[in-house]
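Let chain D serve as the given structure and place chain H on it in line with the hints.
There are 2 protein chains.
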Amino acid sequence: MSEVRSKAQLAKGAASGMNRLTTAQKNEALLAMADALLTEQASIMEANARDLQRGRENGTSESLLDRLALNSSRIEAIAEGLRQIVELPDPVGDLLETFDRPNGMHIEKRRVPLGVIGMIYEARPNVTVDAAGLCLKTGNAVVLRGGSAALDSNRRIVEVLREAISHTAMPVEALQMIEDSRRSSVDEMLKLNGLLDVVIPRGGASLIQNVVQNATVPVIETGAGICHTFVDESANAEMAARIAVNAKAQRPSVCNSMETLLVHSSFASHSLSVLTDALKAANVELRGCERTRKLIADANAVTEQDYATEYNDYILNVRIVDSLDEALAHIARYGTMHSECIVTENTDNAERFLVDIDAAAVYHNVSTRFTDGFEFGFGAEIGISTQKLHARGPMGLPALTSTKYTIRGNGQVRG
Amino acid sequence: MSEVRSKAQLAKGAASGMNRLTTAQKNEALLAMADALLTEQASIMEANARDLQRGRENGTSESLLDRLALNSSRIEAIAEGLRQIVELPDPVGDLLETFDRPNGMHIEKRRVPLGVIGMIYEARPNVTVDAAGLCLKTGNAVVLRGGSAALDSNRRIVEVLREAISHTAMPVEALQMIEDSRRSSVDEMLKLNGLLDVVIPRGGASLIQNVVQNATVPVIETGAGICHTFVDESANAEMAARIAVNAKAQRPSVCNSMETLLVHSSFASHSLSVLTDALKAANVELRGCERTRKLIADANAVTEQDYATEYNDYILNVRIVDSLDEALAHIARYGTMHSECIVTENTDNAERFLVDIDAAAVYHNVSTRFTDGFEFGFGAEIGISTQKLHARGPMGLPALTSTKYTIRGNGQVRG
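Note that the protein sequences, when read in sequence, are chains D and H. The C-terminal residue of the first sequence carries number 415 in our numbering, and the numbering is unbroken. The C-terminal residue of the second sequence carries number 415 in our numbering, and the numbering is unbroken.
Extracted from the complex, chain D is given alone in its bound form (with noise of 0.2 Å):
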């Protein structure tokens, strides 16, 4: 048997008895795991630098590489961020609804793990241990396949986790890690129906397609995110610039970062430099429709391609427009929906906007950059749903469950 196979069935027999688990259980399991994180550092660098070495070897960016490289206090972070996963509630358990039906039966519905999820992402450690500690809290085992540029450092993470996990009421073998990194073995993943319960893909556009092209069993899909912030005409324009450059280049190489403004032509007529001016200070490259280009001399030209492209870059497309309906008609033609935003001190438009607008997040005078479990509260994330069924947005634990209906009587029987 292949050791994608062998192991998936590894991990459903451990996630079987896993409903029953405490709060309590799993905590404990999710603190020996910090703690042999620390305890074990030396081990999990040493490791490390084995990646690190390939890496250069290969001629991996410096960017990538240091996305790779784990140190003393990134372990630290590591460790602390399962035991904030510790501290938020368990879903668990949790009870949805319950109704009595005029036979007698008591119905109750609440939630239950998923059951084996499969995680395939790329190459940063850290996922590996936020991914284990967010399926082991909500009571699911985990399937994990990172990327082959990590291979060395998620073995021995994984080992010094399985190794914690051993000495607790957790199943050991709730945690499992590929370790063939040949794309077959992603493959074989995708195709584990009766195996795994939901495969959820982190990581750049081309793995995330080739997960949701391929996979048999359900996905969640997270990722790509061309954002909008439209500035209406009744917009405060401080407020616009602020939130325009805090959306395109307070981190521009994530998924809700925008990538193209939208302006209404009235506003445009006398503050459109307040917004493009605050944008060329912040570093970011200009293209523009024709009208912005009268307006704005030195921005470059945008393209019909551009409106389509997720830039993850100081680059953006600026594009001037007549009304909310043309702008609703350009997000909704270019829009991933992820995170749109609309700036407007008018109320109807904001509203009118919120509704209409098809997005996980819509945002009236607040920057897309806020799409995020953390600063949704939610305390932990596992990744951002692009999709419309299970998930949609941010998703916290609740997101890695299911649900189950039990039904107790005595002795209905249907007529």
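Don't read these hints as lab results, they were simulated from the structure. Hints are supplied without guarantee of correctness; some may be wrong.
Any copy will do: because identical chains look the same in the list, a pair fits if it lies in one copy or spans two.
As the list claims (entries may be wrong) - Listed next, the in silico DMTMM-like pairs over lysine to aspartate or glutamate satisfying Cα-Cα at most 25 Å (straight line):
(1) K109 x D94
(2) K280 x E351
(3) K109 x E40
(4) K280 x D306
Here is chain H on its own, set in the frame of chain D:
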């Protein structure tokens, strides 16, 4: 452009405004649809007669022809089904969560339509109306793809419904039907990412497996049910017999009926015949394990394959087990996580069964036949989900919605 793609695009265009429809507007459309079905019933029955004629020529079985057949009272029942959906509360807009963040952001999480739903089903024209009513009531556009055996009936029904919708605030393009009856039209639907938000299959195992195996669009899996009843040591024999007969024989063709009866050996030693006599009196063929056959001479021998079979017929496996654990292990191995029941007077065993069994619906002293949206009091049912993501068990109107976060502020930016 293909019929499938062009109709899906029309549906998506219609869907974009449907979050704004009021409940009254949606109900008006459903009532107009119900009225039109009655007014136009002669032409619907004419079209249905062509389907029936073609079916007879093709040697279709009488039971399938009966499912396909429409008459005046069936059309009235279908129209009445729409009126019942009108009476149900509209989940769209429901406020699920609201919270204020320390920086002054006000966050709301509300139900919104899913968008465009693809329904793939077999030859029952009532599903055409039912699915249309449920999807439109929840503000979704729908692309229907029914079985070719009902093509003439479905085409006429959809014409009638669209004509009725065209006189209301509901966009007529929200209701689409694929007339291309080749298998390739289903395959095309399954890959329409970006146009369809979800595909829901309703029908036999091969239809559902084709959808699960080939869809890149998110799927809500419905279907297979290998359901068990475990009669524990302390069970009341009369109650156990009543529940077993109901679970097996009240309507064997449906997914929530029982396929295997597990009996504790202590109970079996004194009362197995109470169960088997009642089942035999209900025309059930028994297939027993060796220990069962020692007690019940006329039971046939059960095979491993039988335990994994959904009979949908008056056939039942009977297996004697020595403990609750053995029953749990059997169900974990052969069950399909649909509906499972324990009959016991022992509260501890009941609670253990309710917690440990991983299924959509778990019953104590109640027949599994109750896993049904109407029996649960939902007033409607789009199907019974057998997956763990998004919706599990009977799906009422809320299962046809997604959620959206709206965030209101006064210039908040991320630090």
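* In rising order, the numbers of the hints this structure does not comply with -> 2, 3
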